[in-house]
Structures are given as structure tokens and as C-alpha cells.
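Please build the complex by placing chain B on the supplied structure of chain A, with the hints as guidance.
What follows is the residue order along each chain.
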Amino acid sequence: MSVRVYPDVSILLTLDFEQEPLLRKCMIFKESIQRSNITCYMLSSVKRIRNEIAKEVVEAGGNALRGLWHHLSMFKGAGIPNVLEKAVITETDLPSIQSFFRKKMQAQERELSKSQIQVVEVWAIDTFREMETAYKGQVPLMEYLKCLALFHNEYYVEAKNALLRTESELGLQDEEPIDPGLIDISSLENDLSNMGFNDAEDLSHIACLIWLKQNRNYMPIFATVDRKLYECKDMIYNRTGVIVDDALYAVQTYRSLTQKK
Amino acid sequence: MSTILEHSANASITIEYKGKIKYGRIPQWIKEKQLESYYNSMSTFYSECLDELMLPKRFDKKELHETLMHILRSLMNTDNEFTKLIIRLVSNYPRFPMDTKSASEWILSLKALNTRVAQAGFKLNEKIALDSLRSDIPYVVFSNLCLGNYTISYFHEYKAKATEQHFRRNLLLAAGRMNIPRKKNAIRNYFQMIEPIETMFKDVIKNQFKLWLLMTLYNSKDIKEFLKGPRFLSINKIDREHFTKLTLKHEEVLEEFRRQLFQVEPTLFNPIQIHKPTQTMWKDMVLIRIGGESKIER
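So the protein lines, in turn, are chains A and B. The working numbering puts the first residue of the first sequence at 1, with every later residue one more than the last. The working numbering puts the first residue of the second sequence at 1001, with every later residue one more than the last.
Treat the hints with caution; some may be incorrect.
In silico BS3-like pairs for lysine-lysine, Cα to Cα no more than 27 Å straight-line [what the hints assert, rightly or not]: (1) Lys1127(B) - Lys47(A); (2) Lys47(A) - Lys1202(B); (3) Lys1127(B) - Lys86(A); (4) Lys146(A) - Lys1084(B); (5) Lys1249(B) - Lys55(A).
FRET-style restraints, in silico, Cβ to Cβ [stated by the list, open to error]: (6) Gln1165(B) - Gly196(A): 39 to 47 Å; (7) Glu169(A) - Ser1002(B): 36 to 44 Å; (8) Leu1108(B) - Ile125(A): 54 to 62 Å; (9) Glu169(A) - Asp1203(B): 36 to 44 Å; (10) Leu248(A) - Arg1188(B): 49 to 57 Å; (11) Glu91(A) - Thr1199(B): 51 to 59 Å; (12) His1242(B) - Glu91(A): 19 to 27 Å; (13) Glu91(A) - Lys1031(B): 57 to 65 Å.
Derived from the structure by calculation, the hints contain no laboratory data. All values reported here derive from a predicted model rather than from experimental measurement. We put the beta carbon where it would ideally sit given N, CA and C, even for glycine.
For reference, chain A alone in the conformation it holds in the complex (with noise of 0.2 Å):
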């Protein structure tokens, strides 16, 4: 890996790539990135952030099965081994399952791990309702539930695999890492939830881009789909001097500030 410190910009951009519905707006962001032949660097905080959402992820779906696991055993085999393997699942277990699982969503705070609890519910019907035709409406548990924990790891071989594809897609390079924890943003983590914004993600970034305009003297533009995080700009760049920008417009504003260098 190299050790260099983005040495051929002096802007650096970054992009919040956690907003799926404004998945346009990422489009365009990377078509005017290539249009304009910029050089991308990943922060490191990114790809950490981006490494432990998948884990994150995958880990609230994990235990939502494990949970179901332990539910359906107790429910159709006493927790008996022997008699779990031949238990069976029919149409009169699925509200059983779905109430299971709104009492996972409810007992989740975090919003990740609830929406993939919700992600692992709608596989739990879908696969039922799959299986059911096979089995002629009595659904092995075991193979059941097998279907559902395999579906579950094939989303994190996808979500790495993804992860791959788009830092070679926006040419990204590794770069040196930068600690979020060397920048103290307490008090604008306050001023910023004040306003309602309180992404941790996000705040980690805002700090490896303050780290890197006091440290490395760039001028950083942090380039967002986030509604809430562009309200905040102004006062994040009178804060902080980082610039938070529109991803539709966050390469003019890059092209801009250099011509004017």
C-alpha cells in the first residue's frame, strides 16, 4: 500500500454513500468524477465505516436467525435434537415467525440492525412461501432455517463484493489511514444535533477532513446526498472550513476552487 497523502489534489472529496433512494445523485457524482479525470483517494475512515456496517449488518441479521432458531426449537421440538429434525414448519407457524420478529424490531435501537431484522422477516416469508410448494406445505425446520442462515451469508459475500466493485469503479486509492479520533469534534457533534444532524459516520469523516486541512493544508469538500448534513453547511464551514457541497455539484465547486489557485 502506498504512504503517500493525496499528493496531486488539493480538494478532497468525499461522499456519503449511505443513501440509497439518492442513488442518482451518486451516479452523477461518479460520471463527473471520470468526465473531469479526478484522482480519488479513499479515506481510511470510509472503508473502515463501510466494513463495519457490513458487519453490523450481518451481525443483527445473524442473531435475528439465531433467535428464530432458538424460537421455532423451543416451539415445535422442546429444544430436542432428535425430534428437531423431523419438525416441520406450515402456513399456521407463519404469524408465530412474524410476531417473533416485530419483537426483534422493536427491542433494536439502532436503524441498520432494525431494517436488516426487517430484511431477514420478508426472507422468512418469501422463503417459506418458496418452499412450501416443494414440500407440499410441511417445510423441513432444519432445511428451513438452513436456507435462510445461507441466503444471510451470500448477502455479505455480496455486500464485500460490492464494497470491491465500487472503490475500483470510482478509482479509488488507498491511501495513508487517518484516525477520526485525532480531531476533538465534540462540540460541533453537539451543535450539529442541535440542528437534528447526528450521523456518527459522517462526523468521523467531517474529522479526517479536519485532520487533513490543519495537517496537510487542503481545502476538503465533503461531497453528500445527505438533505440533513447540506443544512448544516454553512455553519460546518464556518466551524471547520470543510466545505459540504451537493453531489450534483460538489466537482464544479472542486473545478472552481482550483482555477481560482
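Relative to the frame of chain A, chain B by itself:
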């Protein structure tokens, strides 16, 4: 138990593990069938994996090694297709002088091996799926083992593809026209291309196997239970420090290997088929596709 051994035995056919320590005698039938080099290599693989692990005192490493070798012998004895493939690969291993027939055989054998590894990987992933439910070990450890199996299959796919391309370009098409130094170079270049990634692969499969051994052995009270497979894999029964080190190492070597494979053959990492009704819900979390149409369908 046999699922993971079957997978590692298949995935390691073309890999040579070299070591000084040799355990036990090689059965005559293995020598007669010219399976000796593979048998020795696997013996080294198992002994290295066991030597590098800190195991509970109730287990004797030599006894465990003998158990693993016994299962391997059974596999070699009962699965004729498997032994035939090993023999085919050994007898057509690229070395100078290499004729067109041997080159074709080598390519075809690698393709057959790729299919076997993918099938064994799928079976193993099914087992991991069930194990992951009956456990309180962080779920991501199982998902990473599954990711490792996928990556092992990607490697074999890459090897078969890259070998075919290289040999077609250098040996097969120009077999008659090429002079001896060029033919020698072509074989040397082939190994120069394959070896760096193969070295990384060895590290991945070793860490994958070690991690599985560690989780299973700490959760088994004796070899009998180890062979049968413990009913529940509990985190509390495993040496935490050793486990954490090993999982981090596994993640690290896997990540590095995947990046390297992605660089040489990005098409291996194309979207896999995913469950349709939930794809839209999932994609806003981690499956971010930048640009292009969605290729995920079922």
C-alpha cells in the same frame, strides 16, 4: 467434519505444502497409485495447522493429525473421481518438455477441479449455515468463513481461466513453431504469474482451516465428539485471546487476498444472484452499486 476436510482436500490438490516433519508411514496403495506427493503435502498442511494452534490439553496433536490423515485416506479410498483427478493433475503438471496433449489435460483437469471445489464449497457453506445458528460466537465469524469459501472458489476459477489463456497463447497455438527457449520461458512465465497469488491462497486456506479447527476442538470434549461435530459452538469454551488473534488474522489475509484477486480478475466478483423481494431493502445499507443497471435478479 468430513465436509470441511473434503473441501480443503480438494482445494489443495494443486498446492504443494513443504515441511520437514513427517508423521507415520505412507500406505503402499498410495505409493502405487502415485498419490504420494499429494499425501505428503496434505500431511504437512495438517501438521502445520495443528502446530500453529494452541489447543486444549485434552487433545494430542499427533493423534489429531492421524485422525485427519485417516479421514483423508478414506476419502481417497472411496472417491474414485477424486483420486483420478489427483493422478491426472500430477501426471500433467507443467514441466519442460510439455506437449500439447499434456497442456490440454492440465487445463481440463483444472476446470474439473474448479467444479469440485465449488461443489465442496457449497456443501461446506450449508454446514456453516447450520453451525452458525447453533452458536453464540459472533455471527460475522461464520460469514467470514463463508466469504473465505467463496474466495477459494474464485481462486480456482481464476487459476483455470488464467492457465487456459496463458497456454493457448504460448503453447497450444504455437506448439510447432516455438523454439525450445521460448517454450521453457512460457512455462517459467506461467509459474511466475501463478505463484505469488498461490502463496497468498495458501495463507488463506490455512487460516480458514485453523479457525474452524479452533472453534470445533475447544467445543469438543474428545476426538469422538470432534469427529461427530459438537452440537453447539460456544464462545465461552474457546481461548479468547487466541481466538481473537486468529479471527483478525483470518480477516486480514482474506481481505488482502481478495483485493489481489480482484486486481487480476475483477469479473470473478460480479454480483451473485440474490433473493429478489428483499434486494431493494438491502441495497441501501451495504450493496451500493455506483453506475450501471442493476444486475441482481433471480
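Results for each hint:
1. Lys1127(B) - Lys47(A): 30 Å, violated
2. Lys47(A) - Lys1202(B): This hinted pair holds, its Cα atoms lying about 26 Å apart.
3. Lys1127(B) - Lys86(A): 18 Å, holds
4. Lys146(A) - Lys1084(B): 33 Å, violated
5. Lys1249(B) - Lys55(A): 16 Å, holds
6. Gln1165(B) - Gly196(A): 39 to 47 Å: At roughly 55 Å between Cβ atoms, glycine 196(A) and glutamine 1165(B) fall outside 39 to 47 Å, so the hint is violated.
7. Glu169(A) - Ser1002(B): 36 to 44 Å: Since the Cβ atoms of glutamate 169(A) and serine 1002(B) sit about 41 Å apart, the hinted range of 36 to 44 Å holds.
8. Leu1108(B) - Ile125(A): 54 to 62 Å: Taking Cβ atoms as reference, leucine 1108(B) and isoleucine 125(A) lie about 44 Å apart, which means the hint is violated.
9. Glu169(A) - Asp1203(B): 36 to 44 Å: 28 Å, violated
10. Leu248(A) - Arg1188(B): 49 to 57 Å: 53 Å, holds
11. Glu91(A) - Thr1199(B): 51 to 59 Å: Taking Cβ atoms as reference, glutamate 91(A) and threonine 1199(B) lie about 53 Å apart, which means the hint holds.
12. His1242(B) - Glu91(A): 19 to 27 Å: The hinted range 19 to 27 Å is violated for histidine 1242(B) and glutamate 91(A), with Cβ atoms some 47 Å apart.
13. Glu91(A) - Lys1031(B): 57 to 65 Å: Distance hint for glutamate 91(A), lysine 1031(B) holds at roughly 59 Å.
Going down the numbered hints, you'll see the structure goes against 1, 4, 6, 8, 9, 12, while the others check out.
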